[in-house]
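Enquirer: Read off the chains here:
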Amino acid sequence: MAQATLDMGVITTVDGTPLKTKLRQAERRNRLRSFGLVFPLLAFIMISFVFPIGDMIFRSVDNPVVAQHLPRTLAALENWDGQEIPDEEVFSVLAQEMRVAAEAREIGKVATRLNYDLPGSRSTITKTARKIRKIEEGPYKEVFIEADKDWGETETWSKLKQVGERYTISYYLAAVDLQRDATGNIISQPENRQIYVPLFLRTLWVSLLITVICLLLAYPIAYLMATLPVRYSNLLIILVLLPFWTSLLVRTTSWIVLLQTEGVLNDILVWIGVISDEGRIQMIYNMTGTIVAMVHILLPFMVLPLFSVMKTISPSYMRAAKSLGATPSRAFWTVYFPNTVPGIGAGSLLVFILAIGYYITPALVGGRTGQLISNFIAFHMQSSLNWGLAAALGGLLLAGVLALYWLYNRVVGIDSMKFG
Amino acid sequence: MAEPVDALVRFKEVQKSYDGETLVVKNLNLDVARGEFLTMLGPSGSGKTTCLMMLAGFETATHGEIYLDGQAINNVPPHRRNIGMVFQNYALFPHMTVRENLAYPLEVRKLGKAEIEQKIARALAMVQLEAFGDRRPGQLSGGQAQRVAVARALVFEPQLVLMDEPLGALDKQLREQMQYEIKHIHENLGVTVVYVTHDQSEALTMSNRIAVFNDGVIQQLAPPDALYEEPENAFVAQFIGENNRLLGKVQAMNGQTCRVTLDDGGDVEALAVNVDQVGARSTLSLRPERVTINPAADSVPNVFDARVEELIYLGDHMRTRFNVCGHDDFIVKVPNAAGHVVLEPGEVVKIGWKAEDCRALDA
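These protein sequence lines map, in sequence, to chains A and B. Going by the numbering used here, the first residue of the first sequence is number -14, and it counts up by one from there. Going by the numbering used here, the first residue of the second sequence is number 3, and it counts up by one from there.
No lab work stands behind these hints: they were computed from the structure. It should be emphasised that the depicted structure is a prediction, and the values quoted were computed from it without experimental measurement. Note that beta-carbon positions come from the ideal geometry of N, C-alpha and C, so glycine has one too. Be aware that a few hints might be false.
[What the hints assert, rightly or not] Here are the simulated distance ranges between beta carbons: (1) B:THR24 - A:SER314: 32 to 38 Å; (2) B:PRO45 - A:THR(-2): 51 to 57 Å; (3) B:ALA171 - A:LEU201: 34 to 40 Å; (4) A:THR(-2) - B:ARG137: 39 to 45 Å; (5) A:LEU389 - B:GLN73: 53 to 59 Å.
[Claimed, not checked] Calculated Cβ distances over 12 Å to all of chain B for the following chain A residues: (6) PHE24; (7) GLU82; (8) THR139; (9) LEU163; (10) LEU200; (11) GLY248; (12) TYR302; (13) MET303; (14) THR319; (15) VAL386; (16) TYR390.
Okay, chain A solo, but in the shape it has when bound (with noise of 0.2 Å):
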């Protein structure tokens, strides 16, 4: 051997260092490089992807408002059974934190962070607060029911001592419509503010339908570019890939001006004698309008998969399949479809997550019925501040998602899917 001698069991180079060392010293260079070249991407990722994704599975769990404004409090109450009202001694300690809190101008938070698993307590805790800081000192516990009744209900207290957990799974509670009763026992919410599941619900159902429409529309054309020559094929990627290159703002604003009731739509149905002019339709701000706006802006993410993975279905496997016997439509069920099932598969994964998490289209054109989870994840951190609530619904999407993919993976398998 020239260049490479057997020695003990260890290859060697011809200098006698093993084998393995030189080629990790050759390689370096290369390593470095590539390194250095993905870097900024990497960098990239985990400021603008991983690390806001963390911060926000963080924060549906972080509870620290209570927990830091009234701890001693919170030590009373390690003890307490629930059974009736605390004494004296943990209302005082209460009544220190509180006229502490309120002359930081911090009770605020308490009672918004209360009031978020006890409605209505907010108030409860304020009123208390004014009321404190004019006496100087107990007993208490008379001055706090005086001030507000709740304090001498059970509930009250036990509410707070939930909401004092440093870390909490209250948000994903409130997230599936579900709470915790006095005792800590895990019940639905009432009736009348059960919202989310039905909301989770509905967008699940829409991005389904919307899935499906796509994928009914897409077919047809991703088979036609596949199959048409280059000429005509050319114009139908530039009809197809056009709205792409819109703003998505005046895509769906086109929408509102096809289909509002005083829109074109209506009035060519009005003109030609369809429907009289008091029964015009209302196709948008509700559901059909948010399913027709997301349809037409999501048709492009079903047509690229598909087109690219039928441009690699040879034309002889058709011709194969008829010289065998098959009629074309037996042929193209059993030949030419499942070839395209990567590509279906993908569009479909690609449309439903995007679908499932859209945001603006159903702001703009979903009316009050037309709304998505992501809206009401936007009004959470928009309006009411609830971020806990917000992150924990964004986390709920988020696992939906990645159960959605694990289960594409195991059923399809990930590396037969093909996006283009």
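Position chain B relative to chain A; hints supplied.
Expert: For chain B alone, coordinates are given in the frame of chain A:
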């Protein structure tokens, strides 16, 4: 036209145009006998594949009729023609195993499960792939995929099998092996095969008859040996095998033979094949292996001085390039037999050939 009793396929005055301006196939008349192995041979764009596709039903004839077993099939869709077909890239269904691929035509025909199993086993045995039934096409080598494609085209026992350059994707050694296998399958089954290729050695090896296509017209339809030995025009002579071309003008016609004066000087006595009158231009075709070096005096009518330009050693023979009568691309194959002549570049020797080996064809 006399009706041959055993014509399985018949093209009658078939024309094909794609754009309405040029004809890809010009007035094709061709009979394929039952049990025959007929090859359509020609350069790309000569119309041979179009003919095959018309026969399979994937292209429609612009004019004329195609008959299969006496029935006009112009309006019969491909799936009802009962013609097996082997495609250039095999076209095995990638989502099915070999067994499922073979079962496909049988299931379409609604055969019983036991019968399907039996036919698949027989087809796999025929191509010696018994152990590969459960593999997918992607797991097969090129030669194995090719065999499966052949087996699939035959498993439903069609009377006619079409093959569209089926060996084009294989390497040379495998291609030659597959040629013999397909030839033997044809002989054993007695099925009629129409085979399209642009590879002349493939055509010569396998066929009963070869139809040489050029420019949408059959240039010559003949068995392989006749095609090589007796080409009827300059295109066929040039396309099949190696060939020395000498251009000239007919000087005199003497029955079977004629006298041609070459453009660069010298008179050649040649067999009059495709020349009709004195004064016509002609291409003389002469196979490199039919030229003798230093012929015995008066043994051949055509003897010329030739200068050795180049010698290429090819093992069994020496490929020698001469300069003869102003042509410096005159090739002679000198067999590497015992006691063969030893030539040196630059040396001038006499070469000669018989009149019947030199065919005077159209210009």
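Enquirer: Against this structure, judge whether each hint is valid.
Expert: A quick look at each hint next to the structure:
At about 35 Å, the beta-carbon gap between B:THR24 and A:SER314 stays in the expected band of 32 to 38 Å. The hinted range of 51 to 57 Å is satisfied by B:PRO45 and A:THR(-2), whose Cβ atoms lie roughly 54 Å apart. For B:ALA171 paired with A:LEU201, a C-beta distance near 37 Å keeps the hint of 34 to 40 Å intact. Evaluation of the 39 to 45 Å hint for A:THR(-2) and B:ARG137 yields a pass: the beta carbon distance comes to about 41 Å.
Against the hinted window of 53 to 59 Å, the Cβ-Cβ separation of A:LEU389 and B:GLN73 comes to about 55 Å, which satisfies the hint. Here A:PHE24 stays apart from chain B, with its beta-carbon at least about 37 Å from theirs, past the 12 Å limit. For A:GLU82, the requirement that its beta carbon stay farther than 12 Å from each beta carbon of chain B is met, with the minimum near 69 Å. With a minimum CB-CB distance of about 66 Å to chain B, A:THR139 clears the 12 Å threshold, and the non-interface call stands.
A cut-off of 12 Å between C-beta atoms confirms that A:LEU163 is not in contact with chain B; the least separation is 45 Å. Separation of A:LEU200 from chain B is adequate, the least Cβ-Cβ distance of about 19 Å exceeding the 12 Å criterion. Residue placement check: A:GLY248 keeps its beta carbon more than 12 Å from all beta carbons of chain B (closest about 46 Å). Separation of A:TYR302 from chain B is inadequate, the least Cβ-Cβ distance of about 6 Å not exceeding the 12 Å criterion.
At roughly 9 Å from the closest C-beta of chain B, the C-beta of A:MET303 falls inside 12 Å, breaking its exclusion from the interface. Residue placement check: A:THR319 does not keep its beta carbon more than 12 Å from all beta carbons of chain B (closest about 7 Å). Every C-beta of chain B lies more than 12 Å from that of A:VAL386, the closest at about 28 Å, which supports listing it as non-interface. For A:TYR390, the shortest C-beta to C-beta distance to chain B comes to about 23 Å, beyond the 12 Å cut-off, and the non-interface label holds.
In the structure shown, a violation is registered for the earlier hints numbered 12, 13, 14, in ascending order.
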